[in-house]
Amino acid sequence: MLLALLASTPTAAAAQEWLGGLAVGTAAGFLVGTGAVSGRAILFDRPVYGISEGLSLARRFTIGGAATGTIIGIAAPERTGRFARNAAHGTWIGGLLGLGLGYLVEPERPLGVMMMGMAAGIVAGTVIALVEDDDSDGSIQPSRGTDIVLLSVGL
Amino acid sequence: MSARTALAASLLVLTACTGTYFVSSAACVRGTGFDCVAREDLATDAGPAVVSLFLIGDAGEPDPPPPAAPMRDRVLGELAADIEDARRGGSEARLVYLGDNIYPDGLRDATSQGRCAGARYCPLDAEQLDAQLDAIPEGTETYFLSGNHDWGNISGPEAYARIVNQAVYLEERGQALIPPVGCPGPTVRDVVVDGEVALRMVFLDTQWLLLPTGSRPDRESSPPAVCTYTDDDVMERLTRDLSIAVEAPVALLMHHPMRTYGDHGGRGSLTSAVVYRAGWSAQDVNAAPYARLIDRIDRVLEQTAAVARHPVLVGAGHEHALQVIYDPETDVHHLVSGSGSKVSTVGVGPGSEFSAGFPGFMRVDIHQEGTVTLRVRAMCPPRALEPLGAAVEHDGGVTCEVGDFRTVFAKAIR
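So the sequences go chain by chain: A and B. In terms of numbering that gives the first Met the number 0, the first sequence is residues 0 to 154. In terms of numbering that gives the first Met the number 0, the second sequence is residues 0 to 413.
These are computed hints drawn from the structure, not numbers from a lab.
Examples of chain A residues toward chain B, derived with CB under 8 Å:
| no. | residue |
| --- | --- |
| 1 | 47 |
| 2 | 50 |
| 3 | 111 |
Some chain A residues flagged as far from chain B (calculated, every beta-carbon gap over 12 Å):
| no. | residue |
| --- | --- |
| 4 | 18 |
| 5 | 25 |
| 6 | 58 |
| 7 | 60 |
| 8 | 65 |
| 9 | 66 |
| 10 | 74 |
| 11 | 76 |
| 12 | 77 |
| 13 | 122 |
| 14 | 126 |
| 15 | 130 |
| 16 | 131 |
A virtual CB, placed ideally from N, CA and C, is assigned to each residue, including glycine.
Just chain A, same shape as in the assembly (with noise of 0.2 Å):
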């Protein structure tokens, strides 16, 4: 919900900076961590024995975010917005998806496989921001393809 915020202020606008990159890098990283160790729960049937192994798992991940984030926003911060955006976007698609799906499939822990759906649109929308072609003029438009391609993913 953080990225969504970010993706709609004049900082996201601007945040072909590598602070930008590191702010939402880091963000995204933390949710997919937390998708990560739900994930491992529910579908591996590996639990955690403590939060503190749970925490240590997410924080892994939150580094890689931070770290991911980071050299897009020097290698490419004309994407960090994309890539801002996209995490957002895959953020609330992703995860209002895999809490409807939680509760169909998993009514003890539906918070769980909302946090792995959160987890999958962000790495499918960060995916997305690098890959697909560069719209070159800088503006933070939303790309329907995108949108639908995250609503895609989710289901």
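With chain A fixed as given, assemble chain B onto it according to the hints.
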């Protein structure tokens, strides 16, 4: 959809998922004739007790510094007084510490992660165990179960190292872990009165049973584990050991409860409800290993119910509250007594007869003619850092003075 709308929608959905469990911290279940006001509601013609079993769990958290009111010290003091009272009355007293004897990471040593430099064992950790050892009235037979925090609240070799530390520490002080370290149980201890078994206690190490098979200590561990049971072995032996319920009451004792409506049952605080519904933790009843364990033990209890002529009780800690939950399918009373030193929010659910996030312990008396009576003994806790004697109002409309200690629930089980 704008970002703000998405944010608002997400918060609404999240609250809906977890908001139904803002339960009171002292949900007192009525309908059985008991309430949360002190009232000795036991039939006084039950006769003298021949065995008194005291259950206290999760006593490994230190008290806050003065002038804040102590919780653990007060509870342990009342516990010791109750034990001495029972022994003066001619009862065979047994004290069981239900695990989580040392928060938060078990007994660390100089080689542990988060090491305590220069000390054989971390002084702060050892002090938690010392407080519980010092509370034991001389000559009282006492049993120490291990909980997830005693295993360091982790898995792997370091977890085993922590519980071995505690086992060694206890042995040096004339006590022992039960089941023996590295073994899942069941381990049986009978209380014999006049040549007959008056109470059978059966102990399980549920943290061992929750660990993935590959993470359990074995002959390659250091020190080598002497038990190499499979889960099937454990359940088979448990069925055999509980079958004595034909002749005598049985107490199955472990750290992790088979029924709970607190944090680990998804009905506690908001934070715990989120973690529960995220499915992260093996310490919650909806985690696959825990759910499987409950299922397996329930099947053993069902088999026991088919032959039992005496009460079967399941005593556990883990949840930082006092709960009495009756399961009519197995005719078992689940006694969750995990508030030896800390308390948390707790709710109610099917079978709840008592539920309160108050510090305390439970006492089970076996009487001469076989009647089993239960008392829940609890202290009025502070809400924040109020000192002893301060008036506080807790959720559920319970008003009391901090430190006031009383029987808050009582029942003749049979």
